Structures are given as structure tokens and as C-alpha cells.
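Undergrad: With the hints as extra help, turn the sequences into a complete structure.
Each residue of the sequence shown is one higher than the one before, counting from 511 in my numbering.
For the record, the hints were derived by calculation from the structure and aren't laboratory data. Keep in mind the model is a prediction, meaning the values are calculated, not measured. Any given hint might turn out to be false.
Claimed, not checked - Simulated crosslink set (PhoX-like; lysine-lysine; CA at most 25 Å straight-line): (1) K661 - K683; (2) K710 - K661; (3) K627 - K536; (4) K533 - K683; (5) K722 - K676; (6) K533 - K636; (7) K627 - K577; (8) K626 - K676; (9) K710 - K626; (10) K676 - K630; (11) K636 - K683; (12) K577 - K661; (13) K626 - K536; (14) K630 - K661; (15) K580 - K626; (16) K710 - K629; (17) K626 - K577; (18) K676 - K629; (19) K536 - K676; (20) K661 - K636; (21) K722 - K683; (22) K710 - K722; (23) K683 - K536; (24) K627 - K676; (25) K536 - K630; (26) K626 - K636; (27) K580 - K629; (28) K536 - K580; (29) K580 - K661; (30) K630 - K722; (31) K629 - K533; (32) K536 - K577; (33) K676 - K533; (34) K661 - K676; (35) K683 - K626.
As the list claims (entries may be wrong) - Cβ pair distances, simulated, as ranges: (36) E606 - W705: 37 to 45 Å; (37) K533 - V565: 38 to 46 Å; (38) M511 - T562: 28 to 36 Å; (39) E674 - S602: 18 to 26 Å; (40) R569 - H672: 34 to 42 Å.
The C-beta atom is built at its ideal place from N, Cα and C for all residues, glycine as well.
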Amino acid sequence: MVSHYNLVNNAFFIGQRNELETKHHKICVQVPFFHAFGCTITIGAAISHGATMVVPSPRYNPLQNLKAIKEENCTIIHGTPTMYVDLVNVQSQYNENISPEIAVSGGALCSPELFKKMKKHLNVNKVKSVYGLTETTACVFQTMPSDDEEKMLNTVGHVCDHLEVKLVDENNKVVPLGTPGELCVRGYTTMLGYWEDREKTDEMIDNHHWLKTG
Numbered sequence: 511m512v513s514h515y516n517l518v519n520n521a522f523f524i525g526q527r528n529e530l531e532t533k534h535h536k537i538c539v540q541v542p543f544f545h546a547f548g549c550t551i552t553i554g555a556a557i558s559h560g561a562t563m564v565v566p567s568p569r570y571n572p573l574q575n576l577k578a579i580k581e582e583n584c585t586i587i588h589g590t591p592t593m594y595v596d597l598v599n600v601q602s603q604y605n606e607n608i609s610p611e612i613a614v615s616g617g618a619l620c621s622p623e624l625f626k627k628m629k630k631h632l633n634v635n636k637v638k639s640v641y642g643l644t645e646t647t648a649c650v651f652q653t654m655p656s657d658d659e660e661k662m663l664n665t666v667g668h669v670c671d672h673l674e675v676k677l678v679d680e681n682n683k684v685v686p687l688g689t690p691g692e693l694c695v696r697g698y699t700t701m702l703g704y705w706e707d708r709e710k711t712d713e714m715i716d717n718h719h720w721l722k723t724g
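TA: Encoded structure:
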């Protein structure tokens, strides 16, 4: 379960990182609205910052997505890495005259090689990553507007505004910088809990409100 407070705050700061407040953007929506990517990162952020959402077809269709980007002059694209693989392949066949400004990728790891193909074939200026969980409403890390290409291609960005994160070992002790550990998150994005499952909720969120990502 997530609250109105979770959704509104995460959506607002996501929109800032994705540069929705810089102009009136049009977002080509490839992701489903029932997912955190569609609900918070897309709908919530668009409403918060007055962006237009372009829904190309009733169900996922990469060719219709490409046509919508061209015909509606979409400035931003939202999608998962597999969706961008499809979009790049379709664009390689049709070679439409498009020039979106930003492509936002989330839902799975996006390789630097795919990001480079997106920039080349989709003629996109910036590629951005979002990382998070449904349990964190949507985002924990995001690309910054000021990030250089090396950071855009090879990282999931920086921790979102006003959130706390830490890496801990199996004894729940914070590990030194550069040491592997479990990522824990605390802040306005943390879910209320699992519906009617206090045991699972307590396993996920400790007494100090740190959410364990696993």
C-alpha cells in the first residue's frame, strides 16, 4: 500500500529530475499505467508539472509508438529496456525523422550499449535511468539533469531528493564505501505496508523505518 503523500512527493521530485518543468513536454507513454513506472513516474510527474501524455495505442505496439513520437512531436519517451530494443529495431527499418530530447529507462538494467543505440537510432539527446521498487512508490535513484554522458550511460544516477540510503552487511552494520551490501532506503517514498500482511511488512521495514531492498 502506498499513500497519497508517497505518490505526490515522489512524482513531483521525479518530474524535476526528468526536466519536466523546463518547458511543455510531450511524453510518449510505452509503459502500463498499472505499474509504478506508469503510475508515479509518468502520470504523477506529468500532472505535477503540466506535461502532456501521449498514449499511442490500447496495447503495447512499438510501431505505433514510433509513429506517435513523430506525429505528436514527443519530446520525452518512457520505456523499459526491452521496449527500447523494440523501438530501436523498428526505427532501424523505418528511419522516421524524430528528435526527442530525453529517453527515460527503468524497470530493469539498461546496458551502456543499448543507451548508445538509443542515442544513435532515436536521435535522442539525453538518456536517463530511474531505479526503485514498488515498495518505494517508484524512484530511489535517478539521473541528474547535469550528469555528463559517462554517468548517464553507466550509472543509475544519484539518490532522489530528501531520501536517505545506506548499505549494510548481514549484521545490519553500515559497510565502508565501495563494499557490497544490502541497500536500505528511508524517507517519503516508503510504502505503508503490504495489504493485511503485518509479518511481511515488518520483515521489509525495520523499527527505524529503513526499508530493506533485498
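Undergrad: Each hint should be assessed against the structure and marked as holding or not.
TA: Hint-by-hint comparison with the structure:
| no. | hint | in the structure |
| --- | --- | --- |
| 1 | K661 - K683 | 28 Å, violated |
| 2 | K710 - K661 | 35 Å, violated |
| 3 | K627 - K536 | 22 Å, holds |
| 4 | K533 - K683 | 44 Å, violated |
| 5 | K722 - K676 | 10 Å, holds |
| 6 | K533 - K636 | 15 Å, holds |
| 7 | K627 - K577 | 19 Å, holds |
| 8 | K626 - K676 | 31 Å, violated |
| 9 | K710 - K626 | 40 Å, violated |
| 10 | K676 - K630 | 36 Å, violated |
| 11 | K636 - K683 | 37 Å, violated |
| 12 | K577 - K661 | 30 Å, violated |
| 13 | K626 - K536 | 23 Å, holds |
| 14 | K630 - K661 | 17 Å, holds |
| 15 | K580 - K626 | 20 Å, holds |
| 16 | K710 - K629 | 41 Å, violated |
| 17 | K626 - K577 | 21 Å, holds |
| 18 | K676 - K629 | 32 Å, violated |
| 19 | K536 - K676 | 35 Å, violated |
| 20 | K661 - K636 | 11 Å, holds |
| 21 | K722 - K683 | 13 Å, holds |
| 22 | K710 - K722 | 12 Å, holds |
| 23 | K683 - K536 | 44 Å, violated |
| 24 | K627 - K676 | 33 Å, violated |
| 25 | K536 - K630 | 21 Å, holds |
| 26 | K626 - K636 | 10 Å, holds |
| 27 | K580 - K629 | 16 Å, holds |
| 28 | K536 - K580 | 11 Å, holds |
| 29 | K580 - K661 | 28 Å, violated |
| 30 | K630 - K722 | 37 Å, violated |
| 31 | K629 - K533 | 21 Å, holds |
| 32 | K536 - K577 | 14 Å, holds |
| 33 | K676 - K533 | 34 Å, violated |
| 34 | K661 - K676 | 20 Å, holds |
| 35 | K683 - K626 | 38 Å, violated |
| 36 | E606 - W705: 37 to 45 Å | 44 Å, holds |
| 37 | K533 - V565: 38 to 46 Å | 21 Å, violated |
| 38 | M511 - T562: 28 to 36 Å | 30 Å, holds |
| 39 | E674 - S602: 18 to 26 Å | 43 Å, violated |
| 40 | R569 - H672: 34 to 42 Å | 36 Å, holds |
Violated hints, in rising order: 1, 2, 4, 8, 9, 10, 11, 12, 16, 18, 19, 23, 24, 29, 30, 33, 35, 37 and 39; the structure is consistent with all others.
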